[in-house]
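A.B. asks: Line by line, the protein sequences are chains V and W. According to full-length UniProt numbering, the stretch in the first sequence is residues 1 to 418, in order. According to full-length UniProt numbering, the stretch in the second sequence is residues 1 to 418, in order.
There could be a bad hint or two in this list.
Unchecked claim - DSS-like cross-link-like pairs, simulated, lysine-lysine; straight-line CA separation at most 27 Å: (1) LYS167/W with LYS154/W; (2) LYS167/V with LYS116/V; (3) LYS105/W with LYS167/W; (4) LYS105/V with LYS165/V; (5) LYS167/W with LYS116/W; (6) LYS319/V with LYS313/W; (7) LYS225/W with LYS73/V; (8) LYS379/V with LYS379/W; (9) LYS141/V with LYS105/V; (10) LYS313/V with LYS165/W; (11) LYS225/V with LYS154/W; (12) LYS116/W with LYS73/W; (13) LYS165/W with LYS154/W; (14) LYS313/V with LYS313/W; (15) LYS379/V with LYS417/V; (16) LYS73/W with LYS313/V; (17) LYS141/V with LYS165/V; (18) LYS416/V with LYS379/V; (19) LYS319/V with LYS379/V; (20) LYS105/V with LYS73/V; (21) LYS105/W with LYS165/W.
What the hints assert, rightly or not - Beta-carbon label-pair distances, calculated as ranges: (22) ASP61/W with LYS154/V: 48 to 58 Å; (23) GLN230/V with HIS325/W: 54 to 64 Å; (24) GLU242/V with GLU100/W: 48 to 58 Å; (25) ASP362/V with LEU268/W: 16 to 26 Å; (26) GLU50/V with THR140/W: 28 to 38 Å; (27) LEU212/W with LYS319/V: 48 to 58 Å.
Bear in mind the hints are in silico, worked out from the structure with no lab data behind them. The structure displayed is predicted, hence computed values, not measured ones. By construction, the Cβ of each residue, glycine as well, lies at the ideal position given by its N, Cα and C atoms.
Number of protein chains: 2
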Amino acid sequence: MNAEILAVGSELLLGQISNTNAKFISSQLSELGINVYYHTVVGDNAQRLEEAISIAESRADLIIFSGGLGPTKDDLTKETIARHLGVTLEFDDIALTYIEQFFAKRGRPMTDNNRKQALILAGSEVLANHHGMAPGMILTKDERTYILLPGPPKELEPMFQFEAKPKLSAMLNTGGVILSHVMRFYGIGEAELEVRVQAILDSQTNPTVAPLASDGEVTLRVTAKAETEQEAQQLIAAKVAEIQALVGDYQYGIDDDSLASKTVEMLLDNQLTISAAESLTAGLFQSELAEIPGVGDALVGGVVTYTEEAKIKQLGISKKLLTTHGIVSSECAAAMASAVREKFDTNIGIGLTGAAGPTAHDHQPVGTVWIGIAIGDEKPITYLLHLSGMRNTNRLRAAKFTCHYLMQLLEERGFKKR
Amino acid sequence: MNAEILAVGSELLLGQISNTNAKFISSQLSELGINVYYHTVVGDNAQRLEEAISIAESRADLIIFSGGLGPTKDDLTKETIARHLGVTLEFDDIALTYIEQFFAKRGRPMTDNNRKQALILAGSEVLANHHGMAPGMILTKDERTYILLPGPPKELEPMFQFEAKPKLSAMLNTGGVILSHVMRFYGIGEAELEVRVQAILDSQTNPTVAPLASDGEVTLRVTAKAETEQEAQQLIAAKVAEIQALVGDYQYGIDDDSLASKTVEMLLDNQLTISAAESLTAGLFQSELAEIPGVGDALVGGVVTYTEEAKIKQLGISKKLLTTHGIVSSECAAAMASAVREKFDTNIGIGLTGAAGPTAHDHQPVGTVWIGIAIGDEKPITYLLHLSGMRNTNRLRAAKFTCHYLMQLLEERGFKKR
């Protein structure tokens with residue numbers, strides 16, 4: 001089965017939003033083993049949409065539409081497909097009742113425009129919309145399947161995943177599976193990682209191995225096709241072992257892991273508490289940890305000491321240390337880490353100070369960051385970063401490197417890591 | 001001039017990344033008044049790419065390619081276009097020298113693959129790449145213009161903006177301009193805002209008015225076409241005034257403003273200092289403010305008090321208050337705001353406490369948030385939110401609402417707002 005994804009919406013062509021729906025649907029279809037050969041975006045224009053449909057029909061047997069199912073005049077996906085295929089539109093009773101109730105509850109009059117959303121292609125099967133008013137639909141005609149989905153991602157994503165995907169899966173008679181496994185790396189650049197696994201990248205067939213970099217992290221996606229799930233798992237496991245032999249030191253997680261989620265997991269597993277004193281990151285490190293539910297058993301809290309005065313007054317760092325060594329210094333990061341650990345009575349204390357940009361700070365060039373990590377009564381360990389990004393990229397990288405180094409340190413000290 | 005954007009890369013069709021390049025190029029072309037009628041994405045496959053080129057040629061006179069200019073075997077955009085147009089590929093001396101120097105500096109051998117990146121279409125003009133090795137190019141043949149850009153956004157965006165756009169602008173002889181102006185709103189839902197400006201949305205011609213919602217914010221993009229820039233500015237100003245008469249109370253900024261940037265601007269303009277005590281947001285409010293350069297003159301710092309113990313020990317909040325009123329309460333938010341303001345000796349103190357999710361906190365349902373704002377010696381004002389998002393959406397909304405309410409309060413007290 002070869003698919004094309006056809007997004008309808010002038011806001012995409014005006015560059016107001018990205019076509020994230022195509023990304024989402026593509027990754028879902030890839031899990032089903034359905035090849036996607038084209039994405040097309042067309043505006044709210046019936047003639048151009050119909051031409052795009054004809055082209056899609058010439059090269060795909062599954063066409064998935066997103067957008068244009070709403071109540072306004074601009075929404076013309078259904079109407080255009082109906083005319084193109086020569087099928088009529090008819091009201092779906094369930095969808096109509098749902099829309100009527102929606103307006104009745106709010107005491108607002110329901111216009112004909114809203115009623116229009118309950119129209120479906122005759123002969124199609126409805127895909128329920130649990131997050132909006134416009135139902136989706138799936139129709140097979142002349143051995144070609146058409147799926148219509150609403151544009152807003154919060155409606156489209158659950159509708160595809162829970163309504164359309166099971167139907168597609170049932171239609172497929174592939175007898176095979178495609179599985180993907182994502183390996184996540186930190187502390188190594190994309191170029192350097194690719195050089196180290198070059199032989200694997202060059203010789204890949206099945207599994208395939210695809211590198212991708214974003215936000216300073218690098219991932220390798222290992223994808224295997226096989227007759228059975230077990231066989232695919234075995235192919236992946238063998239390739240993962242090969243890769244780990246080369247760059248395993250930099251791998252911090254898999255699939256949906258994040259540096260923060262792995263750090264919190266390690267803290268909770270080892271019953272360790274943490275606090276942080278942040279200058280350039282100004283709370284971002286703690287906020288990243290707090291993205292993870294359950295963090296309250298590890299993160300006690302911390303301080304943001306953005307000014308020199310705050311560092312002195314809130315953490316008791318001596319004016320002399322700041323004058324002698326500077327605010328952006330190993331000594332300052334270490335003192336911040338120790339002070340916050342004592343103040344919050346935690347196992348671990350973190351100190352973060354640096355020049356985020358856009359201008360130098362305390363005579364240190366933009367991108368200079370010192371991270372201090374105090375574990376128990378040990379002398380704090382400090383790390384120097386030279387980052388090359390813009391202000392907020394540097395702040396985020398500083399927070400991520402803190403997770404990376406903290407996990408390394410804890411592992412070296414024998415704390416368990418999943 | 002009608003354009004089509006043709007992105008080349010199997011990673012797009014596999015759903016590994018979004019086609020953000022198409023969004024970027026589209027918004028740039030819209031500024032030039034060039035209509036974009038289609039986006040197409042095709043994989044790293046010469047035959048399908050050539051078919052896509054033929055289709056694009058049948059409906060566009062400007063075709064902009066992204067991706068497929070790199071060193072690997074998968075990169076075949078240039079080669080395919082060369083064959084399709086019947087032009088040869090030749091080495092560009094400047095690009096070749098740049099690549100050779102890159103490898104010489106690093107003492108690494110340069111392979112033929114890397115050399116390949118310096119090949120350009122005969123007769124094309126080179127678009128310099130200041131952030132990578134592969135040059136872009138622009139070629140006009142048979143009254144149709146082809147622009148080839150590299151895939152990585154950090155290479156493509158500056159190349160388009162500073163190399164390709166001026167050339168396109170010079171080629172255009174439109175005698176007209178298109179200008180856009182974005183109005184930014186907070187504290188009002190998209191549906192509610194649309195209802196209030198319904199008459200304007202229904203009757204729009206020139207300027208057009210397009211609503212868009214994301215991350216709890218709503219924007220209206222007002223776009224005018226006119227003979228001169230001045231005329232377009234006048235059209236926009238008149239429409240903006242009409243809109244402001246209806247929903248001006250909720251507008252916080254324009255264009256690239258953010259709630260944080262407007263808040264920091266207002267604090268700096270009025271020489272006000274701020275500190276914050278954060279629980280559910282765990283530093284996110286302070287970190288959002290710290291995204292803005294120059295914030296150091298306003299943000300002194302603050303505390304993250306994630307646990308009950310930290311609230312008592314670090315802020316001196318009484319155990320009795322927490323037992324009587326609860327951790328997620330107006331009283332607690334007010335006490336946090338007052339305590340942090342005194343501790344950091346600032347004009348303004350912020351207190352944030354709530355149940356971010358995924359489970360209830362202190363018997364309060366997920367999404368319950370109390371914001372406390374203490375200005376000078378005034379009794380703190382508190383605000384209650386009932387948010388309906390997931391954990392981290394709720395945390396971000398709480399930080400954004402804090403900016404929104406703080407600006408309102410300061411304006412009410414006569415502090416100047418730009």
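A.B. asks: Hint by hint, note whether the structure agrees.
C.D. replies: Checked hints:
1. LYS167/W with LYS154/W: Status holds; Cα separation ~20 Å.
2. LYS167/V with LYS116/V: Cα-Cα ~25 Å, so holds.
3. LYS105/W with LYS167/W: violated (33 Å)
4. LYS105/V with LYS165/V: violated (32 Å)
5. LYS167/W with LYS116/W: holds (25 Å)
6. LYS319/V with LYS313/W: holds (25 Å)
7. LYS225/W with LYS73/V: holds (22 Å)
8. LYS379/V with LYS379/W: Roughly 44 Å between the alpha carbons, so the hint for LYS379/V and LYS379/W is violated.
9. LYS141/V with LYS105/V: Violated, because 38 Å separates the two Cα atoms, which is more than 27 Å.
10. LYS313/V with LYS165/W: violated (52 Å)
11. LYS225/V with LYS154/W: The given pair, whose Cα atoms are some 33 Å apart, is violated under the 27 Å limit.
12. LYS116/W with LYS73/W: Given that 27 Å is the threshold and the Cα spacing comes to 10 Å, the pair holds.
13. LYS165/W with LYS154/W: This hinted pair holds, its Cα atoms lying about 16 Å apart.
14. LYS313/V with LYS313/W: holds (16 Å)
15. LYS379/V with LYS417/V: Holds: LYS379/V and LYS417/V sit about 23 Å apart, inside 27 Å.
16. LYS73/W with LYS313/V: violated (60 Å)
17. LYS141/V with LYS165/V: Roughly 18 Å separates the two Cα atoms, so the pair holds.
18. LYS416/V with LYS379/V: It holds: about 22 Å lies between the C-alpha atoms, which stays within 27 Å.
19. LYS319/V with LYS379/V: holds (21 Å)
20. LYS105/V with LYS73/V: holds (25 Å)
21. LYS105/W with LYS165/W: Given pair LYS105/W, LYS165/W is violated - Cα atoms ~32 Å apart, limit 27 Å.
22. ASP61/W with LYS154/V: 48 to 58 Å: violated (37 Å)
23. GLN230/V with HIS325/W: 54 to 64 Å: holds (56 Å)
24. GLU242/V with GLU100/W: 48 to 58 Å: About 33 Å separates the Cβ atoms of GLU242/V and GLU100/W, which means 48 to 58 Å is violated.
25. ASP362/V with LEU268/W: 16 to 26 Å: At 21 Å between Cβs, range holds.
26. GLU50/V with THR140/W: 28 to 38 Å: Once the Cβ atoms are compared, 30 Å apart, the range 28 to 38 Å for THR140/W and GLU50/V holds.
27. LEU212/W with LYS319/V: 48 to 58 Å: holds (50 Å)
When held up to the earlier numbered hints, the structure conflicts with 3, 4, 8, 9, 10, 11, 16, 21, 22 and 24 and fits the remainder.
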